[in-house]
Amino acid sequence: MATRESPLASVAPEPGVAKPDPILVVEHIRRAFGGLQAVDVGRLEIQRNTITSLIGPNGAGKTTLFNLLTGFDRADDGIWHLNGGPLVGIPAYRVARKGVVRTFQLTRSLARLTVVENVLLAATNQHGESLLGGLFSPWRRTEKANAEKAEELLDRFGLMHMRDEFAGSLSGGQRKLLELARAMMVRPELIMLDEPMAGVNPALTQTLLHHITALRDSGKTVIFIEHDMDVVQEISDWVIVLAQGRLIAEGPPSHIAANDDVIDAYLGRHHGEVP
Amino acid sequence: MDWGDILFDGVLAALGPAGAAYALSAMGLNLQFGYTGLLNFGHVAFMMAGAYGTAITVDAGGSLWLGVIVGIASGALLGMLLGIPTLRLRADYLAIVTISIGEIMRLFARSGFAEPLTGGVFGIQAFAGEFFDLNPFAPGARYGWGEFVFQGRALFVSLVGWALVGLGVIVTWKLIRSPWGRVVRAVREDEDAVRSLGKNVFFYKLQALMLGGAFGALAGLLLAIEQQNVTPNSFEPRVTFFLYVVVIVGGAGTVIGPVIGSLIFQFLFFFFDSFMGSAQEQGWFDWAGFDATDAAQVKLVLVGAGLMALMAFRPQGIFGSKEEMLVGDT
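Here the protein sequences line up with chains A and B, keeping their order.
Residue numbering for the first sequence follows the numbering used here, beginning at 1214 and increasing consecutively.
Residue numbering for the second sequence follows the numbering used here, beginning at 7 and increasing consecutively.
Worth flagging that the hints you see were computed from the coordinates, not collected in a lab.
Among the hints, a few may not be true.
[Stated by the list, open to error] Beta-carbon label-pair distances, calculated as ranges: (1) Leu87(B) x Thr1337(A): 29 to 35 Å; (2) Pro91(B) x Asn1296(A): 31 to 37 Å; (3) Thr1337(A) x Leu95(B): 24 to 30 Å; (4) Ala1471(A) x Pro91(B): 53 to 59 Å; (5) Thr1337(A) x Phe247(B): 36 to 42 Å; (6) Met86(B) x Glu1361(A): 34 to 40 Å; (7) Ala1471(A) x Lys328(B): 53 to 59 Å; (8) Gly1302(A) x Pro91(B): 16 to 22 Å; (9) Pro91(B) x Val1301(A): 22 to 28 Å; (10) Arg1376(A) x Lys180(B): 20 to 26 Å; (11) Ile110(B) x Asp1289(A): 36 to 42 Å; (12) Asp1377(A) x Ala120(B): 52 to 58 Å; (13) Ala79(B) x Gly1255(A): 51 to 57 Å.
Every residue, glycine too, gets a C-beta built ideally from N, C-alpha and C.
I would like the entire structure built from these sequences, with the hints used as guidance.
If you want it as structure tokens, here you go:
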């Protein structure tokens, strides 16, 4: 349980409730795949500098919502803002440049790049990344500064000893850490993690939780999709619940655990299957 | 049978203009396929754009040097035209479109109604006089030692060709080691991951396709200049697959691989060509009733077997790294 004073303490636990300082505001976002309404969320606000968990049964539309918000998929309808600026219809790479970085359910390490190259790639200030810049600009100076930053991140995520190995030779857990380090290199404001703890052993889960909490404490906003209720209870400031594409509940974790709608839609029906 | 002659036939072909042109063209394909992961199955179309771009410009009254610029630009432009509609889609679509465009261009060039422009099946000849005016060697004279001889004309083209290959190697080397190269290699691994880190993946793929296309066009126009001749039949689809062999044998995704691949490929090709030719003449195949045409077919079987042996012993190519190859499968 987060021990600090939550900025959300006075917010009513109702679906679509307004937050005191939202970084992300979503209105009427909808996406259908054929006849299936995958996402249909009326209003959703994400409080700045908090950890928000997004939970819901399989097929609830969690990943689809992530894809829509980060420009990896197009919404049929809807408006959403980051820090008051519209984010609709912007391609994924520009969403990332605006400070929203997402990770993927299946880790996507760049196998034939080294670990440090994976992180260096994520730097946003490298002019040598243009074709002419790569040939003619003095990119090495920037590269040196970036390498220091990258090594700092690798150190923090316990990957420094793998610095020059191919990312493809990392274990599953190390890849999760690398993905997190890489995302940090973009210097995002909002980090969206799609099941960062899936398939990870309990010890590493604790490490990841520690890192995620540290991100929040350093001023970032984190949204993450998770199935393990213990994990959700442990680190979330706020929980939002999707079922069949709709936002059925939101509130502090203690409230969600006791919410009848959530138990019906999620815990109840799948009880015994959820680990 | 004179083994020295046969060996030198292979070596001379490898070091000759065709070896240089294949190396240049394969470097372009390597940028696209080896580094960026683009499945371009119509690289011959870029060579054709370069060759015809040059020849048509001169035919229309332009200077050869303008033609060279037009030729290279045509390759890049073709990359843009093919890339814009396909590079946002899955990788397979680029493969389909490129394999078709090569044939479309070849069939267009040889069609009757395009004849005023392309010269139809006979193509365009004698457009590279300005290039050979610069030849410092006596065209018909023989330069070299013993069996190792180039004619002055071929020597000039070869030197220019290999100088261009050297330049291409330097540019590729600089680019691939730069942050641009890192992004491009990352695109090959996983586009979505690169997108999520704020890179315009589409633009990088387009750049790689255009740059590779320009290399291909340069190779195509070099061959055309050397032969003073462009005809549609030099641009059959198999050229693309020869180039894939060159890239993979040398080591896809390595700077020097395509150059070495081209040397090996040309050597094997003409070594076995010369070998089968003299073996047939000496009656080695009389028991099987082989004529010269049959011998030429068997040559391709031998070239294929040689390449298969290379791949069996070095699946990553001559310069490829085994570790890198294995890691890519995970």
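Structure-based check of each hint:
1. A beta carbon spacing of about 31 Å between Leu87(B) and Thr1337(A) agrees with the range 29 to 35 Å that was offered as a hint.
2. For Pro91(B) and Asn1296(A), the hinted distance range of 31 to 37 Å is satisfied, since their beta carbons lie about 35 Å from each other.
3. Hint check: Thr1337(A) to Leu95(B), Cβ distance near 27 Å, so the stated range 24 to 30 Å holds.
4. Between Ala1471(A) and Pro91(B), the C-beta spacing of about 54 Å keeps the proposed range 53 to 59 Å intact.
5. The hint said 36 to 42 Å for the Cβ distance between Thr1337(A) and Phe247(B), and at roughly 40 Å that hint holds.
6. Evaluation of the 34 to 40 Å hint for Met86(B) and Glu1361(A) yields a pass: the beta carbon distance comes to about 38 Å.
7. At about 57 Å, the CB distance of Ala1471(A) to Lys328(B) agrees with the hint of 53 to 59 Å.
8. Checking the proposed 16 to 22 Å range against Gly1302(A) and Pro91(B) shows it holds: the Cβ atoms sit about 20 Å from each other.
9. At roughly 25 Å, the beta-carbon separation of Pro91(B) and Val1301(A) lies within the given 22 to 28 Å, and the hint holds.
10. For Arg1376(A) paired with Lys180(B), a C-beta distance near 24 Å keeps the hint of 20 to 26 Å intact.
11. One distance hint, 36 to 42 Å for the beta-carbon pair Ile110(B) and Asp1289(A), holds here, with the actual separation near 37 Å.
12. A C-beta distance of roughly 54 Å is found between Asp1377(A) and Ala120(B), which places it inside the suggested range of 52 to 58 Å.
13. Between Ala79(B) and Gly1255(A) the C-beta distance comes to about 53 Å, which sits within the given range of 51 to 57 Å.
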